[in-house]
Amino acid sequence: MKKYSVIIGAIIGISAMSIHAKTYVLTDTQNNIEVGSWKTEGQNYTIEQQVLHGGKQEGSKVITITSPNGLTIALSPTRGMGLLHAEGNGVHLGWKSPVTELVNPAYINLDSRNGLGWLDGFNEMVVRCGYEWTGHPTTIDGQIYSLHGKAQNTPASYVVVEIDEKPPFAIHVKGLIKESTFKKTDLRTMTQLTYIPGETSFKLHDVLTNHADYGHDYQIIYHSNFSQPILEEGAKFLAPVSEVSPFNDYAKKGLKDWTTYLGSTKDFDEMVFNLKPLSDQNGNTIAALVNKDNNKGVAIEFNTKQLPVLTLWKNTDTLKQGYVTGIEPGTSYAYPVNIERAQKRVKQIEAGQSVSFDLTYSLLSDRSQVQKVENTIKQIQGSTTVKQVETPIAKE
Amino acid sequence: MKKYSVIIGAIIGISAMSIHAKTYVLTDTQNNIEVGSWKTEGQNYTIEQQVLHGGKQEGSKVITITSPNGLTIALSPTRGMGLLHAEGNGVHLGWKSPVTELVNPAYINLDSRNGLGWLDGFNEMVVRCGYEWTGHPTTIDGQIYSLHGKAQNTPASYVVVEIDEKPPFAIHVKGLIKESTFKKTDLRTMTQLTYIPGETSFKLHDVLTNHADYGHDYQIIYHSNFSQPILEEGAKFLAPVSEVSPFNDYAKKGLKDWTTYLGSTKDFDEMVFNLKPLSDQNGNTIAALVNKDNNKGVAIEFNTKQLPVLTLWKNTDTLKQGYVTGIEPGTSYAYPVNIERAQKRVKQIEAGQSVSFDLTYSLLSDRSQVQKVENTIKQIQGSTTVKQVETPIAKE
Amino acid sequence: MKKYSVIIGAIIGISAMSIHAKTYVLTDTQNNIEVGSWKTEGQNYTIEQQVLHGGKQEGSKVITITSPNGLTIALSPTRGMGLLHAEGNGVHLGWKSPVTELVNPAYINLDSRNGLGWLDGFNEMVVRCGYEWTGHPTTIDGQIYSLHGKAQNTPASYVVVEIDEKPPFAIHVKGLIKESTFKKTDLRTMTQLTYIPGETSFKLHDVLTNHADYGHDYQIIYHSNFSQPILEEGAKFLAPVSEVSPFNDYAKKGLKDWTTYLGSTKDFDEMVFNLKPLSDQNGNTIAALVNKDNNKGVAIEFNTKQLPVLTLWKNTDTLKQGYVTGIEPGTSYAYPVNIERAQKRVKQIEAGQSVSFDLTYSLLSDRSQVQKVENTIKQIQGSTTVKQVETPIAKE
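Residue numbers (numbering that gives the first Met the number 0), protein chains in the order written: chain G, 0 to 395; chain D, 0 to 395; chain P, 0 to 395.
Heads up, none of these hints are tricks.
If the Cβ cut is set under 10 Å, some of the chain P residues that face chain G in the computed set are:
1. ASN31
2. GLU33
3. GLY58
4. PRO76
5. PRO104
6. GLN142
7. ILE143
8. PRO154
9. ALA155
10. SER156
11. LYS177
12. THR180
13. THR184
14. GLY351
Hints were generated in silico from the structure; no laboratory data involved.
We put the CB at the ideal spot given by N, CA and C, even for glycine.
Starting from the given sequences, assemble the full structure and let the hints guide the process.
Following this line, the structure appears as structure tokens:
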């Protein structure tokens, strides 16, 4: 396999931001650049790309950002720029799936198991579920709309690491995910992870562009998954919401305790709740998972103008099955696309138009950080009571 | 990845032709030869194999023949020896698809979208649609017959470049496409592209062999696709035909103008016409696309004994959607295999038998070349009038 | 592609057995080890791993054990540790499929042809058909249960070669096949081939572990396939059985001659027989294929407590179609999983439990070896008569 030498300091005219940045192109299909194993180091960070081998992970790539006093963050260009895990101050963000390999999408058939093939690779901390469609699988006119769409199983066409040369010396990892099918769709998403070394939070700024000459549907769910040490018996979910409803009949029985978690529980399977998030006057809001002792947590800031709904996935089954909860800001709930469309949650993106999605993930590792997030949530919640709707808003 | 040194001048006993040829085996699965990046140069040509990387084109190979005073021709062993594009005298043959990568078939699921997975990779100039089946997808007894069959998404098992050592020093690129499935089919096609450096035409000579001990159906459409600078408002399609009919109801409204093209037209989508080509006494015929000014074009010579029907695909939608027309000599029209079978266009190849398909593609870059093709077409057309059938011959 | 240096003599704490063994880890996804091309030699053996290239076998790996006075055995980590062929004393074990490449599962869609995609890669001597399901394909609630399950098209996650350092200096090739799908299954099979250089038999010892916290169905068929020079007109199948029944109506007409074989026969297709094997008091039994002259054969020893049923697949069609017979000890016959379940042959494996499968394959190359196997079979058969059931026990 031909290895291209790393292009150091090349100025790529992608955005104004890169003018004062060191730029490393790791993948560029248009210019046939594929760097493979790669590493760069700064004063307080290391960024490394590794190519995995063996089994179904043959050829899968991982980019790891390591900041000794901040976070270690891993993401995978091969799996749609999905975030694998993050870690800092002794707190791990992510979870343990029975799927232990970073499966190369070449080995995945999304349509298998009647549209559940996505489950053969699912083990990430943050999965972009979209953008052509998302949600539970369904078959319409013979076409399987497979679980959570194709983006996560699409290898990035263009990957660049940019390191700002002026304070705060932010690191940007951009990756382009193309959902391009002749006659059908040409949705291209330039994902971006931004991390400032030493900090304990990171940002996503994804720009979805409809490259086609016709408008197109889109859906997106940021499927953000966390487990131990934050998730435990007595852990809490916090978010300002106006309404909660069970996803299905099984979740009804968990409605009264929807904000608290069980420990790993045999036969629990999963309960899903549909939430209507509240936000400040700018649409900004925040959701968090906090441990029992209120000294560990993770918070996700997002904007309800971009991501108007929020799904809470409580999968507190046994450790081996995947003890995990998902906090999932999105344009849609997890119902199949036909239900989401009927209920008017499927968005439209006009020809040539772009829409952005911004999320900030913060690792909380002491009581004061947790308290601060709780305060913000209380402030946004204000005096609004949370309406508990007993009946699922849709039936699959 | 193990790289084998290039075998220069080795005599492979494939055909008498190679006795006086320099022979370069680029791929040979039986002997585990895979050359990867490779280049050879002659007095007036360069032939190069490049391995692409990144995104969904990881591992895809391209062979490019460059003849400074003639053509540059690119084809892909990974994608069924499909021809990507050709260029000469400032005229480009091929088109621009929203699919920009040369997708490795490992990333394609032909059955997806109810049999339309082929659209995830379609961006070539010449696609062999076949040979086990072709046409629009259909499901028979639960089996999806996916759009345009499997050949184009089958990596070649054997690839050899032969360069004749006596005039006219033709270059032959052969590639073996195996459609071999235990119990089902063993159709093996030795494709061959022949190009004489300095010329502005090239030939395909494909030999389909039924390697099984039982007869088998086969279908083939040479899906040949062209765009700017030949395709434009006022461009013309020329071919001697006895009959034209619209593929479906939508194409009815284009019937009266079936030989001329629109510029890129929003909401045009595609119109398809079924043609019955006329030929000379040997079965030889020719079809052409010519620009408005009659000084640029492309002509395809083929034989109606091999390829009795001709499909005209007018996809004059916007540039970004893929502004393109397909001239498609075949054994079948593009209806699903069950319709083609009912209408007796599905061919049979007996056990051990071979059938050949010969096509010559010529780039036309001045008025006299265009005129010459027009004259040939007029001569074959003679006094036969073109019957316009208003009603589609089949309904999908 | 990064190549890791071979770890020689490393002690891996997998089993007590490896304490006095040289251990070579060839693949280890958890530690990102993938050795690629590799070779080791001893006094009377060579073990080599080769990476294949070109066509649909790009990246497929083969491990070959060669013992000059014993057997040459080839198996493929990429294709579920399947055994490709074995050879010794001039006798070849295995067969010739029209599928000539060792197809990388990245190029296989098991669901294609309504669940027959497995046929695009089938050419091995021993295929593990399982473990999540096996048998002929069926669709239940929209999910395709594809032919013979997924194990054979799953690249091994962990591959190790161990060579015992004390007599009889056995060679063990272990490979881990994970069928891990979030929410669905976590069946992990540590396959093991054991061969003592100089001998003409080899053993399989496979340990299937249900790594999940819930019980799960499993099925397994050891699809063991042989052809010339053993299979020929007048060749015989030998096994102690209490009952034989035709798999379907077509096999009825072959019932009276079910123990003998035809030469390669046009239009024969395949006849399948369901057998109830007899065994000794420990459950041990043996089945064999013997040539006409009783001087060549192959015997499979297995245990009916592990593998209670036996399928005989007679595919004595023409050589090109694949002239082959399958001797298939299993937990199930080859009916679709819903039939096998209804007839109580689908097994259950509890959470955390392991079940083992042990088989010994012996190459027979003279009359006395054949005679010995025949005697054992006669002894187990004893005075039990073989009941011939005329009607298939199930209808697909």
